[in-house]
Each structure stands twice: as C-alpha cells, then as structure tokens.
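Visitor: Residue strings, one per chain:
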Amino acid sequence: GDPRPSKWGSGCARGGARRGGRSRGRGRGRLRDFSRRRRRQGEFPGSGHIGSIQPQPPGRRASRSRLVPVAARVLAPARPPGAELAMAATDLERFSNAEPEPRSLSLGGHVGFDSLPDQLVSKSVTQGFSFNILCVGETGIGKSTLMNTLFNTTFETEEASHHEECVRLRPQTYDLQESNVHLKLTIVDAVGFGDQINKDESYRPIVDYIDAQFENYLQEELKIRRSLFDYHDTRIHVCLYFITPTGHSLKSLDLVTMKKLDSKVNIIPIIAKADTISKSELHKFKIKIMGELVSNGVQIYQFPTDDEAVAEINAVMNAHLPFAVVGSTEEVKVGNKLVRARQYPWGVVQVENENHCDFVKLREMLIRVNMEDLREQTHSRHYELYRRCKLEEMGFQDSDGDSQPFSLQETYEAKRKEFLSELQRKEEEMRQMFVNKVKETELELKEKERELHEKFEHLKRVHQEEKRKVEEKRRELEEETNAFNRRKAAVEALQSQALHATSQQPLRKDKDKKN
Amino acid sequence: MPLTCPAGPQDIDKQYVGFATLPNQVHRKSVKKGFDFTLMVAGESGLGKSTLVHSLFLTDLYKDRKLLSAEERISQTVEILKHTVDIEEKGVKLKLTIVDTPGFGDAVNNSECWKPITDYVDQQFEQYFRDESGLNRKNIQDNRVHCCLYFISPFGHGLRPVDVGFMKALHEKVNIVPLIAKADCLVPGEIRKLKERIREEIDKFGIHVYQFPECDSDEDEDFKQQDRELKESAPFAVIGSNTVVEAKGQRVRGRLYPWGIVEVENQAHCDFVKLRNMLIRTHMHDLKDVTCDVHYENYRAHCIQQMTRCAALTRLPHSKLTQDSRMESPIPILPLPTPDAETEKLIRMKDEEVRR
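Protein sequences appear in the order of chains A and B.
Going by the UniProt record's numbering, the letters in the first sequence line up with residues 1 to 515, in that order.
Going by the UniProt record's numbering, the letters in the second sequence line up with residues 1 to 356, in that order.
Treat the hints as calculated values from the structure; they're not laboratory data.
All residues carry an ideal CB built from backbone N, CA and C; glycine is no exception.
Calculated lysine-lysine pairs in the BS3-like style (CA-CA distance at most 25 Å, straight line):
| id | chain 1 | residue 1 | chain 2 | residue 2 |
| --- | --- | --- | --- | --- |
| 1 | A | K260 | A | K390 |
| 2 | B | K93 | B | K32 |
| 3 | A | K288 | A | K259 |
| 4 | B | K95 | B | K33 |
| 5 | B | K248 | A | K333 |
| 6 | A | K333 | B | K193 |
| 7 | B | K32 | B | K90 |
| 8 | A | K415 | A | K426 |
| 9 | B | K248 | A | K279 |
Derived list of chain A stretches under chain B, where covered just means 3 residues or more per stretch with a C-beta under 8 Å from a C-beta of chain B:
| id | region |
| --- | --- |
| 10 | 157-163 |
| 11 | 241-247 |
| 12 | 252-264 |
| 13 | 271-281 |
| 14 | 341-347 |
Same shape as in the complex, but just chain B (with noise of 0.2 Å):
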C-alpha cells in the first residue's frame, strides 16, 4: 500500500512533495522529444495493403507507384521500401516509417522468399547493437521494425504454406499482427470461422503473434471489456478504402458497391476501427517495448552467444588479456581505434561478466 500523504490545506502545501507532477514532465518531453515507429506490411500482391495504410494514417504514401504486369512478376524478387513521414498531431510529432515488401509471394516460384524480409530485420537489429556498443550513443536511430501487420488472403480456407512459412521465420524476430485483408468478400458467418480457423491453424504450427498485454485487475470494466472483445476478434478482418463516398446523408470512408455502401469505420463492418485504436491509440508504445524488450534482447544474446562460442574456440589457453585476444572479445567485432586504459578496463570487466 503506497504512502500517501495526509489531507488538509496546510498540510497539503507543507507535505506536498510534487514528485505528482512527474507523468506532465514525462509527457511534455515527450513531446518535444517526438516518437517514431516503424511499420512492416507483408503479404502479396492485391490483398489492399497501400490502400489499408493510407486509411490508418489518413496520408498518402505510395504517390508514384509502378505495379509490375504478370509477366513480370514470374521470377519477382521480394524487395524492401521504406517510405518516412512526419505527421504531427495536437503538438506530437511522429516519425513513421512504413516498410513495403513488394514481391512477396508473387513470382511462381516463392521458396524462401521471405529471406530478405528476415535479413532486412537482422541488418536493423544488427545496426542497433553496433550503436548501442559504440562510442557516441547521443543521436542512436532507431530503425528496428516494431510491428507487423500480416495480410492474410480471404478468398482462402485460412492459412497457406507461404503464410504459415513467412510468420515462422519472423515470429521470434519482430512483432506480427495478422489481419484478413479485404473483408468485404465475406458475410459476418463466413467471417467467424474464417478467424476460428486461423486461430487454430496459428496454434497448430506454433507461431507466436503478437499478444495484447493483459489489463490490470485495477482497470474499470468498461476498459476490460473494450480489452476482451479486443483479443477475441483476433485476427482483425478489415477493409481499407482512400475515398469517401456519401453515406445516409454523410461523407465517410468507404467502397461504393451497386448494392450498398461498405464503412471503414463502421464497427459492424468491419474490424477497422480495432485495428487503429490497437496500433495507434492504445498499444503503439508497448509494441515498441517488446520490440526492445524481447526481441533485441533475444537478438541480442544470441548474437553475444555466438561470438563468445566463436572467441573460446579461437582463444589461446590464457587469460589474461592481452592485445590480441581482445580482437576476439564478444564485443561486435569492428575495427575498434585502440581505446584507453578506462575503457580497457570496461571491456575486460564485461568480458568476465560474459565468461561468467
């Protein structure tokens, strides 16, 4: 039970300490501070990923796009793009990056095509660590990849071979939110046991998507229930739309079908309004902190391990450290300038931790 300090009106102003204030400082540093996040999609072609983009972030990114005819894309290779913006909302800034994977799953031959989306996700990680370990650690960028939003195809039974390969070689490695593209193919029954199967699929080959955090038993109700309807509608089924069309009266988002208007924020429409308030208003930052929290620190030591194994194997059957065997030493093997005694010591004291 924390201590609180008695109430009165003097009391108040002679024990007040202030420390109350600490959540407003945060906040205004983080403010002038800013955030960023990096933002994976994956999934093939045509499934509405630019269009699902443009709709959270209610900005157009893919202005000049050129999408490749058939015959092109039979022996497509996966590529990475990286588009950055800054938006800015209510004095906060944020950094957003989307990463695009064009050519995934889309030539006719897709074994291991999701080899350079693992190896762009290592290459940032690895970049991180290298800051991280060096000298000057003021200005460190952080481009790890912090969530991303798999697109599932619905005109499926569930899960495909590519599907169930791509999210077991990124699983342990960044943050996967899966999402059944285009919805507007399904009615509300085709829907349930479209996510009932894919839920089930996902436990069936052990894949480990991103898990909602659990609330607090101290939360209201009307939190833990907005937070239990959350997880059951895992995975969300949306719908992406960048136009607005006229709707009982109102200007909305949506798709203008000769039978009816689809709402992209319409709750009994789809699962759009979830998908935004998960990513951005409520689980933005815990995304990053199991980012940073699980899966660098996962990377990292398995890439500490790796070396360390290497080091032993290589080491001379002393000690002490010497000149050369501190080539050898777990720190990331780069072309270090010759450090001083100070930082010597460091790296001697972390060695035995290490060894240890």
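Only chain A is shown next, with the shape it has when bound in the complex (with noise of 0.2 Å):
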C-alpha cells in the first residue's frame, strides 16, 4: 500500500508499508492476551482499537519486522519530529502502564509453529498420564465388574463384606498400556458405603479423602523447591456415582451423598445393574432421577459442548445421563462371535449393544472423548475452589484494602512475623508463668520451714519442762529417802537403847528385892 496522509500531520511516523494489508481477523499465530484487556482504560484518543485499519495513534511507528513482542515496541516509540509534545509525557506514561492489545498479522509463509500442539502431546505422551476414578456405591453393586468391563482387564480386587463398621476409602493403582501411551489408573473404592444402619457419617470419609488429596497437591504447590512436573496427581478425576436400579427414583443416601460432593469432584451418575430394569421403566427412572438431581441442586458432569470437535456428540450424551449400564467379564458365543455378555434362561445381555445398555456410550464419554476435560475440569474448578477456600481461611487475601495486589509472598512473610512473635509472646508467658510459679513454691517452703521450727522450739521447750519436772521429783525422792533413812537410824538406835535398858532393868530389880 502506499503512505496515505494521515490527520496527524505530515510528519507522522508511518504505519508501515503493510497497514492497509493488515488482517485484523484471527491470524495463526496471533497472540492473544485478554488479561490486558481489563487494564486497557481506552486512553487512545478517538481510537477504540490497536491493531484495526485505523490511523495510528501519534508518537508510535511500527517496526517494519511482522511479529514485534509488545514490548519492543513499547520502548521505542519514534517521537516524531511535528508531534504535539503536551501529549508525549503522557504517552510514556500510558505505555509504561498499559499493554496495548497485540495486533493480529497475517503470515507470509509457512513458519511452522503448528506443530506446537504436537510437540505438546510428545511430551505428554512421553511424561505419561495419569487418571484417578473414584467409585462409589453400595457393596455388590457391580463396581469391580464395571471397572474390569470398561478397562478391558482384571484388577484384582477381593469381594467386600456387608458388614463393615463404617466406610473406608481403598485406592489401588495400575500402570496401563495402549500403543504408546502410559497410563498411570487409580481406583478408589469406598468400602462398606450403604452397608450401616445408620448411613449419617457416611459420606465424610470420601469428602476427607477428595480434600487429602487436593490439600498434598496444595503442598506440594506451595514448597520452596517444588517438582510438579513429576509429582503423581492423585486429585480425584471423575466420581462414578452407582444408583441402585429401583425403578422409582433415587435413594435418601444418594441424594445427600451427591449433595456433598459435587462441589468437589466431577460427579457421573450411572445407573448399575441395569439389565433388571425393562426398557420403559428404564426411561421414566431416567426422568425421575434427572429431575431428582435438578430440583435439589446437584450439579452433576456435563460433557462440555464448547469444543466444536465433540460439542455435538456431548450435548447428544448429555440428555442420556445417567447411563445404565452393565458389566461382564465373561464371554458367551452370540452368533458366531464370542462377546462379553450375561446369560440368562430367557435371553443373552450383550455389554456393548446400544440396544441393551448405554455401557458403550460410557466407555466412550468418559475414556475416549472427555478424560482430559475431566482432569482439566479438576484442576481449574474443584482444586482451585478448594485452594481458594483454604488460603482464605488461613488469612490470605488477594488485595488489601487500598486494592494493591498482594503477593502471596508478602502475605506469607507477615503470616510468618506474625506467628513468630506470637511464639515469642507464649514463650515470656511461659517463663513468667514459671517464674512466679518458683516464687510461690519458695515463700509455700519457708513458710513451712518457719513452721517446723517453731515446732521445733516448742517441742523442745517441753521437753526442757519435763526434765526439770523429773529432775524435782528426783529430789524429792532423794530427800524423802534420806529421812527415812535418818528416821530408821534413829528408831534403831532407839530400841537399842530401849532394849540395852530393859536388860540392865531386871538386874535393878533383883537388886531391889534382895534388899
């Protein structure tokens, strides 16, 4: 094309030999950044777009090369030598702030950038997938059997008891091969769900298993030195849903089960067992679930339809939900083929017969068509609801009060001070605390030991009583023994007197009588 004169003035830089050939459509290869868009506050004058076949704002010039990063240009605008400089400053400003939306041009020839894709699925085939399918039903439901039928092999899994105490997840996991992709399978089972009488706790295992593992993801996110390349996703994929087939709707257990799930796994209910249903029950059991499920607001999977590729087979399977299905692993000639079927006395249910079951379209809506939509759907909408609810619950926020963004470091940095000086705190509490506690214990011990003292002195102020006692009593035994000791003396020399004086007598009296 050739320059036309633009309104700036003459001396505007140009739009480049290319402006009027410019596509403004969807080029291959153009590079699309709608995060900017919200932050584009259209401060171009009289220009709604960037990049359309319309006068170029004054002070940039594009470069001559076709596909010029952003920011390239951002840093080099050409001032140009008439433009108004009262609006240059401003520019800077404005181009420092804001990115422009990047124009879409169209390719001259063949780059080869197509094969991005491609190069994406290489290495994802050589990384290996993996896939984590949680079951849950009443026991003997056909859990097993259905994972056997739709996986084409024999996982082992021993029968399960009905008489379980409560319900215990039992996750087992399988390498699986086809042509050259490596599968990484993990089924869980809930074991003994639906058995117990009182079914109120039933479904808290499963919610704390599905949390468990978002909440290792989670952790293992936020790790300084973290290798999420190769860590082995067990986030919960697809919840299988077993409906019992009753004919009349769904069962109270399952209403509230559901209920409790589905804001964190992608639920698919299937209606198991489905060869004692007949056709016309088959469908009004359809209506009554859906319709179930719809007025309690279970948000169950549905196949998305906005992938031009699959959209429309989607939205055909989406109105056969919930699928009734029926597994079997062994084989009964139909025919002349052997096929995997049940039989009966009165006729044979072939597994993939559309006209007997909907196993195939199972098989195909969760295996073949939508198995990256589910995890994709686990990773942006369940996992990221469940790391939003956690991070706000442990205090992070995404903007403060001024609306400046915070980062997540930031706010980890303040949560850490925080806790630090909280620790501190406790830890003064604590010394504190012992310190009066030893306080107290000492004056408690001298008080006693003030007490026993005292006792001390007491008890030996009485015994110092008790001695003196004695010892008066001592004397005075003393002086009583020493009396009658002298009083003896005394009574013997008296009758020794007495009796030398009686003896002298009788001579005197003889004496006298003589006379």
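Take the two lone chains, each set in its own frame, and fit them into one complex as the hints suggest.
Guide: Dropping the structure here:
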C-alpha cells in the first residue's frame, strides 16, 4: 500500500508499509492476551482498537518486522518531529502502564509453529498420564466388574463384606499401556458404603479423602523447591456414582452424598445392573432421577459443548444421563462371535450392544472423548475452589484495603512474622508463669520451714519442762529416802537403847528384891 | 393299627358308622365360615414388593399409592399400612389382609427402624390375648400376622446388617419367609451362590426362619420329591410382574426386555410358582397354625409370666383372694366389671394353677 496522508500531520510516523493489508481477523499465531484487556481504559484518543485499520495514534511507529513483541514497541516509540509535545509525556506514561492489545498479522509463508500442539502431545506422551477414578455405590452393585469391563482387564479386588463398621476408601494404582500411551490409573473404592444401619456419616470419609488429595497437591505447589512436573497427581478426576436400579427414584443416601460431593469432584451418575429394568421403566427412572438431582441443586458433570469437534456428540450424550450400564467379563457366544455378555435363561444381555445398555456410551464419554476435560476441570475448577477456600481460611487475600495486589510471598512473610512474635509472646508468658510459680513455691517452702522451726522450739521447751519436773521429783524422792533413812537410824538407835535399858532393869529389880 | 370295619355289602350297611364323612363336614363348615389370612411384606423400597403381591393374588391392592421422593425419605419413619380385601374362589371366601411397611430401611439413619413393626405385631397379639380372655368370645377377630415375606436385595453379596437386625427382632414373633427380590438381575450361577450365602448367614446369625414341616413317611414319592425341592430352593428367588406379555404365541405374565422375555410362572426362570404354591396352596394353614400354636403361645406365656412376677412383688403376704389382690391377678389388667361369684371362683382357680 502507499502511505496515506494521516490526520495528524505530515510528519506522522508511517503506519508501515503493511498497514492496508494488515488483517484484523484471526491470523495463525496471533498472540492474544485477554487479561490485559481489563487494564485498558481507552486512553488512546479517538480509537477503540489498536491493531485495526485505523489511523495510528501519534507517537508510535510500527516497526518493519512482522511479529514484534509488544514490549519492544513500547520501549522504542519514535517521537515524530512535529508531534504535540503536550501529549508526549502522557503517552510515555501510558505506555509503561498499559500494554496494548497485540495486533494480529498474517504470515507470508509457512513458519512451522503449527507443530506446537504436537510438541505438547509428544511431551505428555513421554511423561505419561494419570487418571483417578472414585467409585461410590453400595456393596455388590457391580463397581469392580464395571471397572474390569471398561478397561478390558482384571483388576484384582477382593469381594467386600456387608458388615464393615464404617466407610473406608481403598485406592489401588495400576500402570496401563495402550499403543505408546502410558496411563497411571488409580481406582478408589468406597468400601462399606450403604451397609451400615446408621448412614449419617457415610459421606464423610469420602469427602475427607478428596480433600486430602487436594491438600497434598496444594502443599506441593507451595513448596519452595517443588517438582510439579513429575508429581504423581492423586486428585480424583471423576466420581462414578452407582445408583441402585429400584425403578422408583434415588435413595435418600444417594441424594445426601451427591450434594456433599458435587462441589469437590466431577460426578457422573450411572444406573448399575441395568439388566433388571425394562425399557419403559428405564425411561421413567432416568427422568425421575434427573428431576430429583435438578430440584435439589446437585451439579453433576456435563460433557463440554464448547469444543466444536465434540460438541455435538457431547450434547447428545448429556441427554442420556444417567447411563444405564451392565458389566461383565464373561464371554458368551452370540451368533458366531464371542462377546462379553450375561447369559440368562431367557436371553443374553450383551454389554456392547447399544440396544441393551449404555455401556458403550459411558466408555466413549469417559475414556475416549472427555478424559482430558475431566482432568482439566478437576484442576481448574474443583482444585482452585479448594485452594481458594483453604487460603482464605488461613487469612490470605488477593488484595488489601487499597486494592494493591498482595503477593503471596509478602502475605506469607507477614504471617510468618506474626506467628513468630506470637510464639515469642507465648514463650515470655510461660517463662513469667514459671518464675511466678517458683517464687510461690519458695514462699510456701519458707513458710513451712518456719512452722517446723517453731514446732521444734516448742517441743524443745516442752522437753525441758519435763526434764525439770523429773529432776524435782527425783530430788524429792532423794530427800524422802534420806529422811526415811535417818528415821530408820534413829529408830534403830532408840531400839538398841531400849533393849539395853531393859536388859539392865531386871538386874536392878533383883537388886531391889534382895534388899 | 386303626380298627377297620370288615367289608361286605350288608356289613357295610350295618357296620358303617359314617364318621368318615367328617372331613366333608369340616370342609362344608369351613367354606361357610370363610378363611382369613394376614400377610406382612417388608423390605426396602424398590424391591418389587407390591408387584409381587399383585402377582400372587392377582388383584391390585395399591391403586393410589404415593411414592415419596428421595428428599422426603431422608428422615422417613416406618409406617404400617393395612389393606384388606375379600376374595373368593370356587365358593371359598378368603379375607386377605396385607400389612405393608413403607419406609423400612429408606432413611439415612435406620437405627431400630423395625421397632414400629415389632410393636404392631405385639399389639395384634395383645389384642387377641384380651379378646380371648374376655367374656364375649363369639366374634373374635384374628388380626395376628400369620406370615412375613422379607425381601432381600439381590444387588449385594448376602444379608445386610439391616436385614439381620429385622429378622432377629421378629423371628420369635412371626413366621419369616425370606425371599430374594428382583431375581431377574442374577444368572443361575449367581442365584445358587447367593442362596447358599444367605442360608449360611441365616445359620451364622442364629435366625429362625419358617421351616417347612416334615412330610409324613406314608406320603407318596411325588409329594416327597416336591417337598424336598421346596426345601432346597429356600430362600426363593422371585420375580413379579403386573403386566401380561406375549411370548411364543401365548399370553403370559412377565417382563419384556430387548434380549428376551422373563416369564414369572416359568419354573426355569424363577421360584415364583414354588412360592405361590407354598404360601397359598399348601402351607397357608400351616402358617396359621404355627402362628397360633408357637408364636402366640410364646407371647402369651411371656406376658403372663411378667404379670405374675409383678403381682408377686406387690402382693401382700396372704394367699386369700381379696378384692384388692384380685386386681393384681395374672389375668390381663383391664378394668373388669365386678364379676359374679362363679367367675370369681374360676379366676381363683386359674390363679392357683398359674402359681403352681
């Protein structure tokens, strides 16, 4: 094209030789960055778009190369000689703040980045895929048989008993390979579900398990040294909910459980053992079930209809939910072929016959078409919801009062400081408490000591008192004995005198008589 | 060896007493009186109970039934519903009462969900006990439950805790006949395995289900063979249907599937015929007898014992039957009108008897 005279004066930067021929549509390789759109506030005068066939705002010169990163353009604006200087300063400001939407350009030849998806695919194939299925349903409803039928192999699972105390989850991981694609399949079984007499808490172990897998992933994400590329993702990608074929409606337990799970995992409800319901009953049953789910606000997984390639088939399948399936690993001869079927006295139910059951539909949807979407939904919807709730719980926010974006790091640092100061305070408190306690105990001990001392004194005094008394008594006793001895001596002396006297008397008497 | 009258034409006339016609007389009288039978059906919702009852008695008892939605059933309680119909066949009248137990096992928390049912059975016994001991016994109504069909889910591996709980609570009060419901979801091999498993578990948990009586040794081989088969196929694996479909040019009662037609009355497909024969054609009266002679008597003895015990504790230490102590007698505690002397004597006699 030829340079057209622009409105802004002759000295304006040329829009570049390609201005006229620039495509504004979806060229291959156009860089789209919708997140910047929010920030764009329409600062360029009179222009709504950037990158359309409209006069370029002043102060910008398109470079001659075809694909120019936005940053380079922003950094090197040429100032046209006659441009309004008044605008120049503001323009510069605006450039550094807002990144304009990239223009789309068309290519003159084959560059080759159309192989990007292939590169991605080959990378994923070498890495291998992981897929985690959770099976919830009553014991004996056919969960293990269906898994065997779906994956055309025999996962060794032992028959569960009906008399488990409570629901527990049993994950088992298998490595499967088909062509050159490796799949790490984890099947989680809810053992004992629906058997207990009181099923109020049946849903809890399941919810806890799902949350635990999210938590593990979150922890890995928040690590300083993390290796997400080879982390074994154990988050549940899909929950197959097995509905008992009563023919009436959902069971109360089903409703309660699905309500608890619908915000945490993609739920695909299936009608198990569907060879016990006739066609007309099945139609009514499906309508009843979907009606109950809708009226109770249970969100089950909808096959995505935004991807043109699969939108149509997905929409059709969405109308067939819940799938009525029959599982079997036994083979029966029908016609001249061996097919997987169940042999009854009145006929043969063929698993892969679309007339007999929806097994083929389930396999298509679950494995062949939407497996990747299930993984993506788990990551981008359920996991993000969990993460947000968890972090908000911990006190993180996306922005503080001034609407300045908080970075996770800053918040983390702040939290850490808070935590440490809290710790310190607690330590101080404890130390204080300890010191106080010691003081108290000391006082107590002193008190006790004093008391003991007093007692000792008291006893000593008492002892002295006693001793004194005893001494007195002893002296008294001594005196008494002395007195007694003296008296005794005196009496003896008297006696001897008396004796002597009497012995002399008879002599005198005789004398008198003689006279 | 019972005495037989010697044969001989004139002898027959002279020596024929004629009590050989007794069975005919009994037959005539019973036809005139009519029969009654109370059947209880129990099991979780959706196992085909009403359909089976319909197939058994070929009448629709549940015309305006309202099924609850899942949300309403979360904390549902068990109700007892009685449907009574009078049906007649070849001049024989049958007053059939079906006792339904909607809500059993449907709530999220089913602790003691069988209590309303045991209470109901006990109530009927108590009612009969009072009536029997009452003064005017002409028109006693027998509402006691003669048989309980318990539906076991075929989707599991055997008995569940709620099944065991129910059967243990009721096996001493009513004849329990366990059935495997919706048997059209099981291939023959699976049916065999499940029946064995259930029989084992019934033994293991000590549940006393209704036992078919032994047949006498002088019955013919055919009958004995039938009896043997009957015993070996318990618990019966049944399928019910209230629609008639066309199969092999005939109209049969059955279920139509894309892969075949299940005939309810085909012995190779299910045990419905065995159940019907047992329940209606051969063992109905035996079920009533066992209820009267065993379960009711157990209840009565238990009741009387309890009353005697209470009375013994509160009785004053004298054995003379005074006005007061009569109130504590083992006869059901009803506000009795003052009886006349004869009845009083009778009461005294009975009291003595019991105490002994």
